[in-house]
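There are 2 protein chains.
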Amino acid sequence: MRQAVDLKKAYRLLNHGPTVLVSSAYGDQRNVMAAAWSMPLDFDPPKITVVIDKNTLTRELVEASGEFALNIPARALAAVTEAVGNRSGRDGDKFAEFSLTTFEAEKIGAPLLDGCVGWLECKVIEERRNQDKYDLFIAEVVAAWADPCDFSNGHWHFESGRPRSIHYVAGGTFFETGEAFSVKEVNLPPPAAAFVD
Amino acid sequence: MRQAVDLKKAYRLLNHGPTVLVSSAYGDQRNVMAAAWSMPLDFDPPKITVVIDKNTLTRELVEASGEFALNIPARALAAVTEAVGNRSGRDGDKFAEFSLTTFEAEKIGAPLLDGCVGWLECKVIEERRNQDKYDLFIAEVVAAWADPCDFSNGHWHFESGRPRSIHYVAGGTFFETGEAFSVKEVNLPPPAAAFVD
Numbered sequence: 001m002r003q004a005v006d007l008k009k010a011y012r013l014l015n016h017g018p019t020v021l022v023s024s025a026y027g028d029q030r031n032v033m034a035a036a037w038s039m040p041l042d043f044d045p046p047k048i049t050v051v052i053d054k055n056t057l058t059r060e061l062v063e064a065s066g067e068f069a070l071n072i073p074a075r076a077l078a079a080v081t082e083a084v085g086n087r088s089g090r091d092g093d094k095f096a097e098f099s100l101t102t103f104e105a106e107k108i109g110a111p112l113l114d115g116c117v118g119w120l121e122c123k124v125i126e127e128r129r130n131q132d133k134y135d136l137f138i139a140e141v142v143a144a145w146a147d148p149c150d151f152s153n154g155h156w157h158f159e160s161g162r163p164r165s166i167h168y169v170a171g172g173t174f175f176e177t178g179e180a181f182s183v184k185e186v187n188l189p190p191p192a193a194a195f196v197d
Numbered sequence: 001m002r003q004a005v006d007l008k009k010a011y012r013l014l015n016h017g018p019t020v021l022v023s024s025a026y027g028d029q030r031n032v033m034a035a036a037w038s039m040p041l042d043f044d045p046p047k048i049t050v051v052i053d054k055n056t057l058t059r060e061l062v063e064a065s066g067e068f069a070l071n072i073p074a075r076a077l078a079a080v081t082e083a084v085g086n087r088s089g090r091d092g093d094k095f096a097e098f099s100l101t102t103f104e105a106e107k108i109g110a111p112l113l114d115g116c117v118g119w120l121e122c123k124v125i126e127e128r129r130n131q132d133k134y135d136l137f138i139a140e141v142v143a144a145w146a147d148p149c150d151f152s153n154g155h156w157h158f159e160s161g162r163p164r165s166i167h168y169v170a171g172g173t174f175f176e177t178g179e180a181f182s183v184k185e186v187n188l189p190p191p192a193a194a195f196v197d
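If you read the sequences in order, they're chains P and F.
1 is the number of the first residue of the first sequence in my numbering; add one for each residue after it.
1 is the number of the first residue of the second sequence in my numbering; add one for each residue after it.
Do not take every clue at face value.
No copy is singled out in the list; a pair is fine if it fits within one copy or between any two copies.
As a list, the in silico BS3-like pairs of lysine-lysine whose alpha-carbon atoms are at most 30 Å apart [stated by the list, open to error]:
(1) K107 <-> K184
(2) K123 <-> K94
(3) K94 <-> K184
(4) K184 <-> K54
(5) K123 <-> K107
(6) K133 <-> K47
(7) K123 <-> K8
(8) K123 <-> K184
(9) K123 <-> K54
It should be emphasised that the hints constitute simulated quantities derived from the structure, not laboratory data.
I would like the entire structure built from these sequences, with the hints used as guidance.
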């Protein structure tokens with residue numbers, strides 16, 4: 001089951017810094033690549049940034065379509081995440097090669113990947129200098145999705161045994177998203193005044 | 001013990017998407033704020049991006065000095081991370097309020113915070129449009145540091161019981177950086193050709 005994520009809360013899908021899969025499509029071409037370098041940029045309307053190298057097929061499809069999706073893979077997709085990060089879509093369709101199944105986005109043409117825990121449909125806000133000089137894309141999030149068992153009301157539910165997101169290091173090594181915890185102000189050192197009276 | 005991190009590997013301090021503390025200084029003022037929105041932007045020379053809101057004292061100090069540091073807090077600093085993210089340095093020195101101790105950076109004037117697991121000294125690459133329109137800063141990493149017990153040769157050693165980095169969600173809730181794991185290509189579905197012969 002997938003439900004729409006309130007766009008005002010969409011940034012929270014990315015706030016903890018998971019590695020994402022960037023899916024894209026233009027004409028009869030489609031592609032998917034891995035990106036450890038993405039982050040939220042604004043709350044409302046939600047914007048994100050992502051780095052997409054000039055040499056990638058994804059770059060070509062994103063520049064042509066002005067659209068892409070950030071798919072947040074669960075740990076079961078870690079090997080696929082590593083693999084699609086090391087192959088070019090120019091050498092063959094990665095969806096077929098890795099038996100990836102997809103479903104249709106609502107607002108964009110790029111396919112969304114099954115096996116992920118969240119999805120952000122994005123439209124590029126063209127900033128030529130960033131794109132040309134830094135491979136940096138800014139985009140508005142126009143729709144977002146999650147299974148409410150994984151994410152609802154702006155919070156992840158990994159602690160209930162649901163699949164966790166992942167964080168890429170290098171060379172096929174990842175961290176799983178770890179223990180959730182809350183801090184309270186009472187954990188802080190007492191204000192200096194408490195020592196004075 | 002702190003050792004310099006090879007600048008070519010400095011991006012790996014941020015690659016897994018930890019929440020950071022941004023420290024800054026100008027004249028006789030200094031400040032520290034929390035930022036969940038930062039990411040690597042380039043490998044060599046290493047560049048990073050971070051979002052610094054217009055209303056913050058940090059923004060003022062960073063614009064004036066052209067410098068800041070990204071400090072990667074360990075879990076023990078989570079309550080402080082939450083607190084410095086909810087207070088303005090204009091209302092009083094947060095280092096004093098939260099008993100934060102610091103040490104000197106090598107290449108910049110901003111102080112570096114004790115209790116962190118990594119530090120990136122950054123010089124702003126001025127991009128006025130990004131700063132003005134998106135609160136987005138691009139900077140070059142000019143020095144980076146870690147205790148080699150926490151991070152060496154481009155890899156974190158959290159699994160050895162060392163303090164872990166943290167990932168902010170919202171409302172005082174964080175994830176700890178979780179289990180490290182490696183994937184191998186053999187975990188992938190076999191190529192379609194294997195089914196054909």
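- Homomeric proximity label, K123 with K54: Cα distance no greater than 30 Å: both (18 Å within a copy, 25 Å between copies)
- Message: Checking an output row: K123 and K8, CA cutoff 30 Å. Within, between, both or neither?
- Response: within (16 Å within a copy, 32 Å between copies)
- Message: Please sort K133 with K47 into within, between, both or neither, judging by C-alpha distance up to 30 Å.
- Response: Both, since 20 Å and 12 Å are each at most 30 Å.
- Query: Given identical chains, is K107 near K184, meaning Cα to Cα at most 30 Å, within a copy, between copies, both, or neither?
  - Reply: neither (40 Å within a copy, 35 Å between copies)
- Task: Could you place K123 and K184 in one of the four classes (within, between, both, neither) given a Cα distance threshold of 30 Å?
- Result: Cα proximity of K123 and K184: none, with 38 Å in one copy and 33 Å across.
- Query: Under a CA distance limit of 30 Å, which applies to K94 and K184: within one copy, between copies, both, or neither?
  - Reply: between (46 Å within a copy, 17 Å between copies)
- Message: Reference check for the pair K123 and K94, CA-CA at most 30 Å: within, between, both, or neither?
- Response: within (23 Å within a copy, 39 Å between copies)
- Query: Can you tell me if K123 and K107 fall within 30 Å by alpha carbon in one copy, between copies, both or neither?
  - Reply: within (9 Å within a copy, 39 Å between copies)
- Query: Is it within, between, both or neither when you check K184 against K54 at 30 Å Cα-Cα?
  - Reply: between (44 Å within a copy, 27 Å between copies)
The structure fails to meet hints 1, 8 from the earlier list, while all remaining hints are met.
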